[in-house]
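Q: One-letter residues, chain by chain:
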Amino acid sequence: MNPMIDTTRRNFLGNVTTGLMGIGLQQLQASEISARPARPAKAKRVLQIFCPGAASHMDLWEHKPVLEKMHDRPLPGEDVVSFMGKNGPLMKSPWAFKPVGESGKMFTTLLPHMAQHVDDMAFFHGMHSQTNTHGPGCVFVNTGHPTEGFPSAGAWISHGLGSMNDNLPTYVAIPDIRGEPPNGKANWSNGFLPAQHQAIMMAAHQPIRNLARPHGVSEVEEKTTRDLLGFLNEHYANQRAEESVLRARIKAYELAARMQLSAPDVSDLSSEPEHMHKLYGTDSPNRLKSAYARNCILVRRLLERGVRYVNIYCSSRASGVDGLLNWDAHKTLKSDYERHGPIFDQPTAALLTDLKQSGLMEDTLVLWTTEFGRMPTRQENSSGRDHNPDGFTLWLMGAGVKGGVSYGATDDFGRRAEQNPTTIWEFYSTVLHILGLDYDTLSWYHNGLDRRLTDVHGRVIHEVLV
Amino acid sequence: MRNDVSIEVVSIEGVERRMMRLKLIVFAWILASLPMPVCGKVDFVEDVKPILESRCLRCHNPNNDQGDLSLAGPTNLFGTDRSLVVPGEPLQSELFLTVIPDEVGARPRMPKEGSLLSDAQVRILRQWILEGASWPPGLVLREASKADTSWWAYQPIKRANANTQFTTIDHFIRAQLEATGIVANRLADRRTLIRRATYDLTGLPPTVEEVEAFVKDRDSHAFEKLVDRLLGSPRYGERWGRHWLDVIRFGESRGYEQNHLINEAWPFRDYVIESINEDKAFDQLIREHLAGDVFGKGDLHVTIGSAFLVAGPADSVGNQDPIQKAQTRANTLDEVIRATGETFLGLTIGCSRCHDHKFDPITQRDYYQFYATFAGIEHGTVPWATPEQLRTHAAILEPLHERRKALQTQQSSMDDAVVARARKRLSEYERQWLRPAVQRTGTEERFDPVVARYVRLICDMQDENPLVRTFNLDEFEVWSTGENSYNVALAVHGATARGAARTIEDFPHAYGPQLTIDGKFGERFLSAAESLTIELAKPVEINRVFFSSARGEEFYSRGEFRTVADYRIQVSLDGHEWTEVAAGSDRKPANEAHQRMRLYWAELSREEQKERDRILAELDEVDEAIGRLPPLPQVWLGSRDHADGAGPFHVFVSGNPQQKGDVVLPASLSTLGHVVPKYELPPDADEAQRRLALAEWITHPDNPLTARVLANRIWHYHFGTGIVDTPSDFGYMGGRPTHPELLDFLAARLQEGGWKLKDMHRLIMLSDTYQQASTWRAEAAEQDGEGRLLWRFPPRRLSAEEIRDTMLVVAGQLETKMGGPGFRLYRYLRDNVSTYLPLDRHDRETYRRAVYHQNARASVVDLMTEYDQPDCTFSTPRRVQTTSPLQALTMLNHSFTLDMANAFAVRIGAADVDQQARRAFQLAYQRDPRGEELTRLRTAIRTSGLRAVCRAILNSSELIFLD
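Quick mapping for you: the protein sequence lines, in order, are chains L and H. Convert by adding 848 to the 1-based position in the first sequence; the result is the number in the working numbering. Convert by adding 65 to the 1-based position in the second sequence; the result is the number in the working numbering.
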């Protein structure tokens, strides 16, 4: 038989094989994993931090001194018409950049806490996207496709690597207290992969749905129901011993019961010592910062309990006022980022510090992502920046990553990726590589094609690997 | 080393020379390792063409053009400055050098993807160049797809002839089983059969009475009667309509960032259910999907069918960047093209968007011919009315609108006259406006010291639109008197702020009044009424307020900084008695519009005021009359833009709308050119004709795919797996038919019987294959583990919809009202974009069949999502099936289960424990409890009551699995 057909066939069996949201039941899972790690993995878990709204590369990560010299002068050679329309002259960053760390990387003074981690980051300064619209942009960066409906990176990795625990989800999405990001749940969707690969939503401010026993059901009644249910399901499964799905269903109820015990425990931050709360900033009078800080502690607690992939959001969607709820600073960049910067800075830096101190960083890969960049020019008659899909920055850190490296660059103004332009497919090829997976074999047959996270593209960027 | 570096810097040519040296070394090594060339000349067509076509052309073709290089013809190869091929000189021919390593052990630069060329292939290329690299005149190369037009699916349907021995489904199935040495199972028992058939055709369980009657029915046609009864039930269309809605990716939100709900799509869902219930010929349904609005002009029941075209997601965010806008448009049409190809033809046409299909004989040209066909489609709502209704509606509305316009003209000419009169005395007015206008960046009011507990700002006119009294403020400061004057309004000093604000449900204080006293300027209070009130921590003497909406902003004239133009400042000690301490009426107007409004009110005479009141009263009357007229209902049918639909159309090179390739015309697919009559429409054919031509071509009797794909879908839904297990992909990447002759037998019957689904159900369900038991047998499974040969009936889990519907039925709560707007299991929040929050409680209005749920894209709704209801963003020809702890959490703990358990318990009613136990099983499983089951039920009822038992049964496997 043609080997390609064989692959398809195996995937197809996967479609109907029972999996258990990656929890427990290794023997069932094994049949569902189509891509075994191709080589020893450097990292076994992933933290993806997403700042929706298109967080500006030239104000956060990539220093552009030319903008300071040419502030208020036109961008040479281009009359930019972008998402919102016409652009005004060039606009320097409202924040000074200073050299930090041993690498001496020029870094924004807006994020003083993050500065301490720069020597461990590998920046991708030459990112470019296919779309200048938030919704498609977010799903592009999360799924490798600018159109809707594809599985997110976390779902692919759940599919590729399975679970590492027997009482918690494999893949968790933590939305911001201000709401969901653009395109909402599509960002952590399983797409056409089986539902067990979807991210489970939870946050310090929002428990997993349906976790608690319903109101009005006593402990005794609960026990009666569970005992009887156990008997009925055993009985039914025993009569059909060949139907593994019936046995899996019994296991699923047992796992659910374990999750009912362990999930509230993981979200209970009161057991964290005072100095941890201080480190993360949960004591901040800024309600939004303290909420995000609590979510950051939750991230560490999930990772240390064997959750494979955590996708945390810092800010939410486009609201009635641009730049209020997320990093989409169209009109008032300075005041917008003076709002978002401090919410993001201390808690995120604390999380990275905590991961390093606890040793978790040894096998954790950290991704910082946003959907695209912003223009070096000001949006006409405003002091903000419009969408820029042609150049932006993402970074990696942690297991398998060479720190203090900057791969690629935009031009002098930050307008376009110029040096080593990089796609999201190459970014994820590299991520999968660090996890011991190959981007071209991690696939799933769907409507005519073996679909992949990196579409039909991909290339590992070895320059950022240790 | 240093030397080498300097070469690189100094001269590109130097690099090339160095590369050449290396290549020569490598080449010597290759020559040594290669077998000697075959004697005789290399034949281009036989030897070279296959290499170029299979290994180079995917990227280097005119429609992809990687590296600006096409190898489809000789143009790029010879005579260019690149010397890709120098006849007779392989070592000067880049085409050759690029497929061998630059140095020993290195990977050749080409091919970039896949394996390297074999030694034999390299040798052929070298020999071809040595022999002069001749290219037969006029020969154009194409990348060959894996399958060509001889692929099984593109052949005509094989029809039975007089000699055929196979006249029933069972003949085909048994023949294969016999060949494999497996025997089929015996027929299933009656209870199993009626449960299987009832769920299969209606998605609901039979009643215990129906089961008993069927079990006792001695008529040899009992099952046939049952099938006919079920096919006659309106529940049938709800079940099979849902299947079809999966395939045609029907969703009721727009998708992407905004993802707004679509409340006008349900008529199309009803149309699908009704069409299936009335057994509309399916080829007609397909034609209606593609062009119902063309040939059904005026008949709403036909027109609605074409909502298929806009049933998928489409990005609704505007974009001023023309390049991005064109890309979004191309994505929207791509969605329609994919849906059409996969739904009706089982062809993954979408894979040909950037290059010819790698696997199937579908060219990029084919794709853009479809693009031309659909280019007029726009998503959106249109009035849901016949031309007659539209005319009647307009006849009533037009005079009212005219009256309205006349009144408005009267009013504005009067207004203009008043303002013109006032302007003559402008200097007089201006003497009253001496103080500077309100500054958005900061405005101060000083007044005599006064002790206040409350301070409020009342807006009388807004600066952006003086007709309204809402305003924005970033900060409102109140300063105490004395030497240590401080801002007593700050929240840190114990003050609080009140005032109606614009709200966001999931982030309630986003625009709240607290933003005016937080000491920060970036975020603004967006008022929803005319006032802001500050309550101070204690009464304190004050003499100054300062407020702003754009503090520190350079571009303060932007709309989002709109604020008060005319205002009053009042103070109070008790919050009831207010004293005015300052007002803005003596300030200069903020702008032209503000000035006009002030002049108007100052100048308006008593008579004019009366006249104004009269006009306004009459306007109110007209508006009321308009309001009384029921608005025309709207439907999500989309519009058809003839201008957009007008060509010329092009192939987009590499799928990029900015790179236009060859001109294309709306035409049939080349894939089936050998079996279905082709068409190609002239450039001036309008968009309606184009879709009509496509609809006719897809449903042409000679089109083998349409009937095969549909017959296979029907089989798939009856048996859980199709004869082809990829129901929307009959190409190379799809599955192969397990029973190709049976598939053709079914397809032929479908066509010959007039495309009637109900006949197909009868044909299939009356077979022994369908009616056999699901018993698993080890010796059969050894031969055919997946059961694809159908030696047993495949057991299955119920779908998400069946599970919810069954819980409602068992609890006696299902409301069978058909049609109309759907219900929602989520809360819909909209603040520019949409958020969908699953509901914790499902009220009685949701107790309808799940097919009537208003499914929004990218939403997660508990039980429905956990049990694999697809996110209708893509077509779902086959649902995945998962088992997860989330299913358990939802089924055990969501209040819906508890509500159903309570209702189920009530339905069982008071009786002795054994009777209750029996009744519970009968209602849920249509059987009596046996042996230990009964003992367990007794104990449970006695320990915790009926509800505990009902909740267990609703969670049980037996409730949601079928033999």
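These aren't lab readings, by the way, just hints derived from the structure by calculation. It cannot be assumed that every hint is accurate.
Claimed, not checked - Once the Cα atoms are required to be at most 25 Å apart in a straight line, the calculated BS3-like pairs of lysine-lysine come out as:
| hint | chain 1 | residue 1 | chain 2 | residue 2 |
| --- | --- | --- | --- | --- |
| 1 | H | Lys585 | L | Lys940 |
| 2 | L | Lys1182 | H | Lys585 |
| 3 | H | Lys823 | H | Lys882 |
| 4 | L | Lys1250 | L | Lys892 |
| 5 | L | Lys934 | H | Lys390 |
| 6 | H | Lys223 | H | Lys882 |
| 7 | H | Lys390 | L | Lys1126 |
| 8 | H | Lys177 | H | Lys821 |
Q: Is the Cα-Cα distance between Lys1250 (chain L) and Lys892 (chain L) 25 Å or less?
A: holds, 17 Å
Q: Hinted pair, alpha-carbon criterion (25 Å max): Lys390 (chain H), Lys1126 (chain L). Please report holds or violated.
A: Not satisfied, since the Cα-Cα distance of roughly 47 Å exceeds 25 Å.
Q: Given the proposed pairing of Lys177 (chain H) with Lys821 (chain H), does the C-alpha separation stay at or below 25 Å?
A: violated, 51 Å
Q: Are the Cα atoms of Lys1182 (chain L) and Lys585 (chain H) separated by 25 Å or less?
A: This hinted pair holds, its Cα atoms lying about 13 Å apart.
Q: Does Lys882 (chain H) lie within 25 Å of Lys223 (chain H) when you go C-alpha to C-alpha?
A: Given pair Lys223 (chain H), Lys882 (chain H) is violated - Cα atoms ~44 Å apart, limit 25 Å.
Q: Are Lys934 (chain L) and Lys390 (chain H) close enough, with their CA atoms no more than 25 Å apart?
A: holds, 15 Å
Q: Assess, step by step, whether the Cα of Lys823 (chain H) is no farther than 25 Å from the Cα of Lys882 (chain H), and give holds or violated.
A: holds, 23 Å
Q: Quick one, are Lys585 (chain H) and Lys940 (chain L) close enough, alpha carbons at most 25 Å?
A: holds, 23 Å
In this structure, the earlier hints numbered 6, 7 and 8 are contradicted, and the remaining ones agree with it.
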